[in-house]
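Take these sequences, add in the hints, and give me the full structure.
As a plain string of letters, each chain reads:
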Amino acid sequence: MRTFDHRRAGTVDDAIGLASVPGARYFAGGTNLLDLMKSGVENPTVLVDVNRLGLDAVVRTAAGGIAIGSGVTNSAVANHPLVRTDYPVLSQAILSGATTQIRNMATVGGNLMQRTRCPYFMDPRFERCNKRYPGSGCAARDGFNREHAVFGTGGPCVAVHPSDMAVALAALDAVVHIKGPHGPRAATISQFFSPPAADPDRDNGMAAADFITSVELPAAADTVHGWYLKVRDRRSYAFALVSVAAVLRFDSDGVVASAAVALGGVADRPWRVPAAEAVLTGRRPTPQLFRSAADTALADAAPLSHNGFKLPLARNAVMRALVLATGR
Amino acid sequence: MTTGRTDVTVPPPPTRRIELTVNGVTRTVETDVRSTLLDLLRESLALTGTKKGCDHGLCGACTVEVDHERVLSCLTLAVSIDGAAVGTVEGFADGEHLDPLQQAFVDHDGFQCGYCTPGQLCSARAMLREHARGDLSAASFDPADRDVVDGPQHLSENEIRERMAGNICRCGAYANIVAAISAVHGAS
Numbered sequence: 001m002r003t004f005d006h007r008r009a010g011t012v013d014d015a016i017g018l019a020s021v022p023g024a025r026y027f028a029g030g031t032n033l034l035d036l037m038k039s040g041v042e043n044p045t046v047l048v049d050v051n052r053l054g055l056d057a058v059v060r061t062a063a064g065g066i067a068i069g070s071g072v073t074n075s076a077v078a079n080h081p082l083v084r085t086d087y088p089v090l091s092q093a094i095l096s097g098a099t100t101q102i103r104n105m106a107t108v109g110g111n112l113m114q115r116t117r118c119p120y121f122m123d124p125r126f127e128r129c130n131k132r133y134p135g136s137g138c139a140a141r142d143g144f145n146r147e148h149a150v151f152g153t154g155g156p157c158v159a160v161h162p163s164d165m166a167v168a169l170a171a172l173d174a175v176v177h178i179k180g181p182h183g184p185r186a187a188t189i190s191q192f193f194s195p196p197a198a199d200p201d202r203d204n205g206m207a208a209a210d211f212i213t214s215v216e217l218p219a220a221a222d223t224v225h226g227w228y229l230k231v232r233d234r235r236s237y238a239f240a241l242v243s244v245a246a247v248l249r250f251d252s253d254g255v256v257a258s259a260a261v262a263l264g265g266v267a268d269r270p271w272r273v274p275a276a277e278a279v280l281t282g283r284r285p286t287p288q289l290f291r292s293a294a295d296t297a298l299a300d301a302a303p304l305s306h307n308g309f310k311l312p313l314a315r316n317a318v319m320r321a322l323v324l325a326t327g328r
Numbered sequence: 001m002t003t004g005r006t007d008v009t010v011p012p013p014p015t016r017r018i019e020l021t022v023n024g025v026t027r028t029v030e031t032d033v034r035s036t037l038l039d040l041l042r043e044s045l046a047l048t049g050t051k052k053g054c055d056h057g058l059c060g061a062c063t064v065e066v067d068h069e070r071v072l073s074c075l076t077l078a079v080s081i082d083g084a085a086v087g088t089v090e091g092f093a094d095g096e097h098l099d100p101l102q103q104a105f106v107d108h109d110g111f112q113c114g115y116c117t118p119g120q121l122c123s124a125r126a127m128l129r130e131h132a133r134g135d136l137s138a139a140s141f142d143p144a145d146r147d148v149v150d151g152p153q154h155l156s157e158n159e160i161r162e163r164m165a166g167n168i169c170r171c172g173a174y175a176n177i178v179a180a181i182s183a184v185h186g187a188s
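If you read the protein sequences in the order shown, they are chains W and F.
Counting in my numbering, the first sequence runs from 1 upward without gaps.
Counting in my numbering, the second sequence runs from 1 upward without gaps.
No wet-lab data here; the hints were simulated from the structure.
It should be emphasised that the depicted structure is a prediction, and the values quoted were computed from it without experimental measurement.
In this text, a Cβ means the ideal position worked out from N, Cα and C, and glycines have one as well.
Errors might be hidden in some of the hints.
Stated by the list, open to error - Computed footprint of chain W on chain F; a stretch qualifies when at least three of its residues, placed anywhere within it, have a C-beta under 8 Å from a C-beta of chain W: (1) 9–16; (2) 50–57; (3) 71–78.
Below is the structure:
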């Protein structure tokens with residue numbers, strides 16, 4: 001590992017100042033960044049340690065939702081009483097990812113900022129990776145791409161975003177609060193995961209020294225039914241081949257009043273499927289309706305050479321997640 | 001007269017003096033900023049009970065406690081936890097008297113080569129504490145178990161396996177590891 005300077009930030013503004021030098025990286029849980037530093041994918045000049053900024057609380061907002069400090073560990077979010085009662089699908093998604101040891105270290109901000117686990121990105125000995133070296137090509141496109149994207153595969157990178165938490169956040173209409181050298185701003189999950197198209201090396205819209213301060217969830221309706229279904233090669237401690245966060249709200253007649261469905265393991269970001277949500281809304285839940293929604297969800301998929309299996313897998317996962325969400 | 005050799009002064013890597021309380025004993029260590037907690041424990045403090053398996057957060061052999069929660073020491077930057085309390089497998093036994101979890105691993109033959117055992121023990125001890133305070137696992141959401149608000153009363157084999165998923169045993173002693181943990185859980 002190349003050496004670096006370690007600077008501990010005392011406040012958010014202090015952190016942004018310390019990070020405003022070339023090659024600086026924020027360091028929180030370190031579960032992804034330190035690993036990438038060991039393999040030489042990341043070579044920061046300065047690690048700005050943001051572990052003691054006091055952003056470690058989950059609080060009720062004036063709007064009746066919650067605000068999760070960016071430094072809250074994944075374990076603390078998943079086990080928080082407000083999350084367990086109001087947003088259990090978020091607990092379920094977080095607990096579906098990694099292991100307790102890693103969730104005890106990893107933070108909410110770091111979870112959103114984690115890099116893809118594409119093997120061609122993770123190992124600098126592969127020469128072609130547009131994410132590491134823009135313009136060098138994509139070794140995955142004609143390589144071993146079984147775990148890669150099936151949506152948005154026309155671009156320079158076909159890697160998937162690895163987060164389970166972010167898939168649930170997408171379905172829950174979360175807002176990411178960011179502070180940067182030019183002040184604060186807020187972004188929906190969809191806006192957050194929209195990097196400039198010309199920059200395949202960027203995973204999101206975060207600019208240099210931008211810092212995630214919190215993630216906010218809108219008030220939960222008491223009629224919400226949610227489920228996070230994760231399908232992977234082994235039962236635990238593996239990234240998703242396909243995952244689905246389904247959040248349904250029913251009116252008093254049992255009709256779907258609103259639906260939010262997001263897929264993981266299929267794109268470079270959590271993949272909301274508004275057309276499938278529109279199929280569900282205003283209808284009574286039936287197997288036929290769920291099948292129709294699942295077909296709609298996968299209509300735009302364009303698989304690669306090794307991952308055509310993800311289409312029926314995702315279609316079936318959407319149907320099953322809708323059934324389980326309805327019953328919850 | 002020149003020798004054709006250029007002397008290059010390479011600056012020493014940045015170091016920091018940090019303080020850790022390891023198994024109840026406060027230690028001050030001068031460490032390279034790049035050092036993981038795992039390397040610091042093994043190389044600087046000669047506490048070699050904690051094992052390096054993969055060094056990439058995939059196997060759990062390096063599991064220790066930092067501030068009373070289980071973490072991976074291979075992905076913990078030592079300088080980042082300055083001032084923390086660290087618990088390792090060396091803190092389990094009281095002299096010749098084994099901790100109940102250690103005794104259960106012996107009684108139930110919970111290992112073969114033993115390389116993963118210190119991590120399994122540290123993980124299991126923390127896991128039983130997490131369960132006792134009502135923490136959830138992904139298994140707590142199984143449709144048959146509506147335990148999401150309070151946490152499951154009893155740790156089923158399914159729960160133990162999910163909660164211990166971060167500790168790989170290459171010998172495959174899982175059945176006996178689960179039996180050992182289950183015995184301690186049942187006795188508590």
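Hint check results:
Counting residues of the stretch 9–16 of chain F whose CB lies closer than 8 Å to any CB of chain W gives 3, so the stated coverage by that chain holds, three being the minimum. Beta-carbon proximity to chain W at under 8 Å applies to 3 residues in the stretch 50–57 of chain F; the threshold of 3 is reached and the given coverage holds. Under the rule that three or more residues need a Cβ within less than 8 Å of chain W, the assignment of the stretch 71–78 of chain F holds, with 5 such residues.
In terms of the numbered hints stated before, the structure departs from none.
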